[in-house]
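> Listed here are the chains, written in short residue letters.
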Amino acid sequence: MTFNLAISFADLLLLLPEIFLTCWLCVVVIVDFACPRIPQERLAFLSVAGLLATLGCLAWFDLSHVSGALFGNMFVLDRMALFFKIFIVGATALVILTSVQYVDRFAFFRGEYYVLVVMSALGMMFMASANDLLSLFVSLEFSTLGFYVLVGYLREDLGSNEAGLKFFILGVFAAGLLAYGISLVYGETGKIVFSDMAPTATSGTIIGFLLIFAALGFKIGAVPFHSWIPDTYHGAPTPVTTFLSIAPKGAAFAILLRIFFVALATFKPVWVFLLVAVSILSMTYANIVAIAQRNMKRLLAYSGIAQIGNLLIGLAAGTKMGNDAILFYLLAYLFANIGAFAIVIAVGQAIGSEEIDDYSGLNRRSPFLAFAMLLFLLSLAGVPPLAGFIGKLYIFVAAMKEGLYTLITVGLINIVISMYYYLIVVKKMYINEPIDPSPVQISGTMKAVVYVGLAGTLVIGIYPQPVIDWVVGATVMFANFAGPSAVVTPPVPPFGG
Amino acid sequence: MGEHVLLYILFAPFVGALALIMVSNRQPMLVRGIAVGSTFVSLVASVYLFYAYDPVKGGFQFVQKFEWSRQLGISLHLGVDGIGTPLVLASSILLFTGVFVSWHIKDRTKEFYIWLLILAAATIGVFMSLDLFFLYFFYEMSVIPMYLLLGMWGSHTKKYLEMTDQEGLKLRDSVGFIFNFGSNSKEYAAMKLVLFLSAFAVAALMGILLIYKYSGLDTFDILVLREQAQLMNIPVLGTTLDKIIWVLVFFGFASIAPLWPLHSWSPVGHAAAPAATSMLHAGVLMKLGHFSIIRVAFEILPETTREMMPIAAVLCIFSIIYGGFVAFYAKDTKYVIGYSSSSHMGYVFLGMAALNYVSLSGAVIYMFAHAMATGMLFAMAGWVYDQTHTRDLPSLGGLSNKMPFIAGCFIVGCMASIGMPGTVNFIAEIMIIVGSWNKYPFQVIIAVLGIVLTMAYLFKMMRGLFYGPMNQKYSHAHDAVATVDRLPLLVMIAVSVGFGIFPMHLYDVVRSGVDPLIARITHVVPVAQTGEELGARGEAMATLPVGDAHLVETTPSPFTPQASGRPE
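Sequence order for the protein chains is A and B. The numbering used here puts the first sequence at residues 505 to 1001. The numbering used here puts the second sequence at residues 26 to 593.
Each hint should be verified, as a subset may be incorrect.
[Stated by the list, open to error] Below are the DSS-like pairs computed for lysine-lysine, each with C-alpha atoms no more than 25 Å apart in a straight line:
1. B:K498 to B:K131
2. B:K238 to A:K905
3. B:K427 to B:K356
4. B:K238 to B:K217
5. B:K268 to A:K905
6. A:K824 to B:K238
7. B:K498 to B:K356
8. B:K485 to B:K498
Quick caveat, the hints were computed from the structure, so don't treat them as lab data.
Same shape as in the complex, but just chain B (with noise of 0.2 Å):
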């Protein structure tokens, strides 16, 4: 492995994909089987990945360099930051449980996991890609695997297959049915997914062609870009161009966190998504947003972000509060789930919003815990609504006595997902709100409240799933029995428990990451963090323009390495 770790995870689900190409649809053994090893692979490196990051080293590993197109300044220029380590490991992760929660899937096996595996490798080629051509390329090759997937193996409600429209066509086959808000078919939610994320993606792809056009460096290379782009005090229409470009690539990029008002997309296609769909979708897809932002505005414009990011501090309690409470009064499970994730992403952007060492590291470990706790739900969701063919919440209920493992996998992931102590999404929230609290206190006390909302909609929705009176319905429900259907939903479990006792490699991987961003951004050193105690990372931060030296943050971190005592 060693230095070309990147490229096995990144090309591991790419060789999956072609070989299954190869492979006969009536052999689904082999089909599962092709998916479990190159997902195991791209899983095994990704591990490797995140224990071998370095964080005293800190700055981009394991980078790989290929010249693209000359003309074009392109280059496949792949590397991790501590920020981008912990995400590859979660996109893996999810990928790989992902197979496994689609195990039963009958209808075309074949061509789910080759568009599941796309699906995944492009994500996470996002998440280590430092040319901004690529971030692009990847980010919008995994939209259209969305598209497939949710069109061909999702599901709608009975009903609307009989709509018609004015002309009497079916309204499934009319070609205004986009125009058909409010219907709840698998169509309509693939379409708008894609469109409007593909409507936004457009919006970011021109503020990258923007930071190329005035960088003038003929590149797209972030790396380069960040160091010597001179974006600031170009006067435009009344403003300048760095908050134009910066706009464009926040908004762009926000429409897949989703950051309210742009979330509208979302709950849709995660209702109609099939359930690995759904976990990567909202694990990993939506995480796509919050990283591209860090990647391109915070790296490249960083001062424009000081200035700028008290908009997503406004929007982000927007996104708690409303996504919290349709969730309350949804009645759809996966509907509950997928607003419960657009809430909990607006967490992650008030973290981004405090812009200090703490809120920031809380978010991406949020995003991190977030991605196993939503993992879980969607998974379990997926498994009741194959036993059941219902997501009526109001139908369901008492499945506990048929499914008690199911039932409680639930618990636990509530408990994630609400962030008990324990659970990696703990420390991720107790870090955001300690963050935050300098800057934002009206937004903390939001987003506390938002965790007592959370905790309702869990709890009823657990209550409606799984306790009071069953549904003699579904009576023949049976449990996750097999170690197939088991092995999944365990694994998020201990990931998520297992960060949540010993987040001291994550916390210091993502400080790596965080630490040089913050610094440039906001010229503050971090505390008990200068000169000697960080070795190679200090000396790089200490050659940042440090402004104004009497910054120096004062809110104390509970996770700072000295204060638990471990030798750098």
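One chain only, chain A, in its complex shape (with noise of 0.2 Å):
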């Protein structure tokens, strides 16, 4: 195959926002060798700005249709892809912003900590355009490279060493997989941009779309792929967690949609049935766990787990309109996620624990941070009228349409056992008696995330159209999707699925 590599000047306008942030990575990089007393906050500023400037291109590219594909297919940029991008540097910026008084802890390296972040962030950007198999191994590292350093940046700290480790070695096992995946699949067919690829169901093709499914499973911490997630949650950095927890999950989900909408379009039938499974393990097994958890990191991290299985729902229901469904539950899943998890860094801050039990009379110490992490627990779980009831609603009506019953029945009966875990954090919140009943002060910047993700959660949850009527565009290219199952599959008994 060939490569034209003639890149003209209306092409390069579609790589603008990952130009524009690549430079303003090397000024924040030039700004911190250049000015080594310059206090960590203002380089968190400078990164944020940068980041919101690069919101700004990709809005302007949103709304003004900007669209096109570069390096023989390799970038495309569409209207899923600017989505995914503005869902990935929106959360940067707020991941940035929960760190700017964390990041005070570690005892070297505090500029760097800003141009990590940004780079990951700038890997999960191309992840977002990946449109062939190379491209996706190259920004999928790239992205992760930025993570392996900043899981372990706690230098001093054990918990936050073993994490990196951990995180590092089963990184660059999922990273072998990926690429042993991807030679099978490129021996098989010979191509490598998905939408040439029409594989035919060869054992060669099979086991590498396994394996490149693994390597995401991974990424995103679905079961039975999820080992990693709970001991690295609970060791990195939290605001690393933070990250963690929601821009990698979207930058996967955009490769998974391009992988089986595109390339994997003829298999429909065979990788409904997979996420079917990978889905109600995800959902039930972390859900049960997650009683048990007594810290509040890994139990957000076991829920995140079962969001994932949520998500999944979606993507198994394999329509546009479960494809809708997850765009949307990501943005519900973002501002709960990013809002509960700012609270956790502001408590540890404040009282120096993560434990659940140390939230205790939370509500009389601090009322605000307790509604909001109220507010947020219940967006999560799903209840109405926040947005994660709306998101999972969305989700179940485009899986019911499918006649996934089994599956749905499955997502119901979560949501009651979530409830019992994210109750049992209100509980200790609203219920108990603090134990040092000094109020809990929080920073500026921390505010101002809580109210972005309460904003987000209400505003999204009492009036869904806006973002409804979004991301039914961002997904127009799947319009036509109808899959092989329409012709294949006889009229699906009811509760056969």
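Two chains, each in its own frame: build the complex with the hints.
So, in structure tokens, the structure goes:
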């Protein structure tokens, strides 16, 4: 195959957000090295300014429907890619705001922290546009590289070191699986661009795609590829955990959507079965194990795995509506999760603990934080009128239209199970009395993040129509996707699937 | 007001809750003032609604429709018929009185009122939803405030705080505390209530999603679904789809009603809850169950309802008898009233199961009547608890000297609860009994025995609380003297007795909602209500399929408009 590397100026425009962010990254590095005395807050705000400018650029692209493909279809910029880029950049900006106070804990390399975060975001932006196996591999590893360093950033802390090591070893293992899968698929089909692939069901392609799915399953943390998640989330610096729990999930879902709906469109009945199994396992396992957690970060880690199980319901529906629901749910998850983690960071700063027992009486110590945490947890549990409820309902409606009754039943039962452990936290915060009744203080930047989370959770929950319009427009590329199921499977017997 | 009256009723408490968020906790009078103001707006609007509702026209009135999501087929579609109107009125009366009943809450006053207002507004939202999505939305939204109200302001036995589990952890901090059945703690009650109701609510949601899928109409709108949904005769798992949906919806919503054997969350919850919450909980939250069954199962699956409703007729016997006996032997004032409520809800199920004009109207009026009666009883049990800090019947007694006003009101509450003539409960009970006799004579005999049982346990409780020797420990107890303390009781008594003496408008309103429903379900035209006599409503009903013309109902109603000689 040949690459056409002649790039015109108009093509470069498509890369403008990435190019701009790269330049900004260099600026942040230079400022960090040139002025060693600069307070790290300034660097944080500098990075956020760059991210906001990128966000503006992406929003402009989205509104003016800029789209196109580069490098022989390796890099595509369609509305879905733009959605995920906005998701990633927005999440990154919020994560940097939550980090401002936390970074003071790091003994060294405070400035580099922001550089690494933005670098990972850059890698994930490329992931959102990756349209072939090579750019998939390169961008995925590029984004993970930053995380390997970030997870172990607390050098003095054994937990952080352990988390970094676990994440690194398992991450490299997943990368190996990915590379092996890619080589098998390439060997069988001779193509690397998803849309040209049209694979046939040979053992090579099947094993190859299963390996690719395993690697991406590692990335999103679906059961049975989840084992790194609790320890890594627990040990990593909390802002990094926040970042890790949101942005890579979005980027990996962008890839999953492209692989399943573009490359593997003809295999739909096979992967629907696979996704149903993984989704049931993820939800049920994570929700049951989460009940026994006594640490807030671990609880949110398991809750995150369960949320991934919910997202996979939408993917298993295998329709455009299912994909809309995934995008919608990711947004709801973004606001609830960033808010919940921001409160974990704020409380961790104030009382020096992340144990659930130490949240006792938070309502008396800081009514605002307790109320915000309540709403975030309930949104994750899926209680109206919050965003998470609409997200879950959207996913269930999409899956219901495809007749995935078993999956929906399991999903609904899991809502109830998850409500139990979220309400245990609520019980500690609201019902139990505080051991130390001193008020919990919260910094301005942290408050801003919590407000953004609250606004997102409530507004999307109460009036979702604009967001629904946006996600429906973002997945317009799947509008004609019917998949072979309409032809292959007979009319679905109720309660069969 | 006029057309938008439903929006005022629904959003006044929400606006009040939002306003309360802005207010400082250090100004309790301002907090209470805002709560009173917003609930008063809601109350005035629902009184207006009740009298402006035109029973001759019937059908859904004051309809508001706003598109909410095109892709999902959801619209905020509000409207009330003759069944929803009295329940909206009951909710706002109980909310308004509830604000006064909780006047003396000192701990986190502001937050208490915020959650109380959200709870009540969500409940009202269910009664006016004409969209399955919003019905579920408000239904589930009403559950979570209950958790906080029970957990934060509820009460439990002191012994519980010292109990430990096998690992030596304090039981209230243990993860597995939910498995500690029998513990009488507020945490346990709150968690059980939420999990129980949510578990059954998702079953109902499954039913709703199945309706959405198999109707193929891509809409959640009840009015569209009831006209166009074709859900009959789709074979599934050895039965038919409509039966599965019906069972999911019926039991999903019957859990909150609460129908035996799904009642166990309810008395525990009543006992732990603060007075105003118990009032709302027993007064209106439980009616969400019956109402949602009527709205979803009766409206959308009329044929299946006719076929399956005998299930309710069987289970309601257990509700009535079991609840009555437990109430008789219970030693905790709130358990008595709690079990009495779940026993009385059996009457509503009996009225619903008999499926005729008189019995179903009776059931709807009973919901309204029970809201007032049980609201009074819980308000007074709450007052006694606030004064004595115990709910233990054997240790109480002789309080009538200390609180004559409360004792007097309690007698009225008991009379209402029993169904003495002169209260609206009597009208409801007699209608259920007369209406169900033809179809379920055995159940009616049980129900009448249940009334005797009600009399027994309420008199026993009255004696235990107010008469006999007084425990000197409680000699400091005092009566409700202030206007804010007396007002709620007087309002509820006035409503209960007022409608007991002048039931006509209430009856007309309820009949206008029940008639088209029963006509759809049973294909029976109500006696003396055919053709032009009913005007627009009659015409609407004349278009309904009237299958077996010989099945014209023979049970005469004591309150048909003709019998009372009132011109239509």
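> If a hint holds in the structure, say so; if it doesn't, say that too.
How the hints compare with the structure:
1. B:K498 to B:K131: With a Cα-Cα distance of about 23 Å, the restraint between K498 of chain B and K131 of chain B holds, given a limit of 25 Å.
2. B:K238 to A:K905: holds, 6 Å
3. B:K427 to B:K356: holds, 21 Å
4. B:K238 to B:K217: violated, 31 Å
5. B:K268 to A:K905: holds, 20 Å
6. A:K824 to B:K238: holds, 16 Å
7. B:K498 to B:K356: holds, 18 Å
8. B:K485 to B:K498: holds, 21 Å
Violated hints amount to a single one, hint 4; each of the other numbered hints is respected by the structure.
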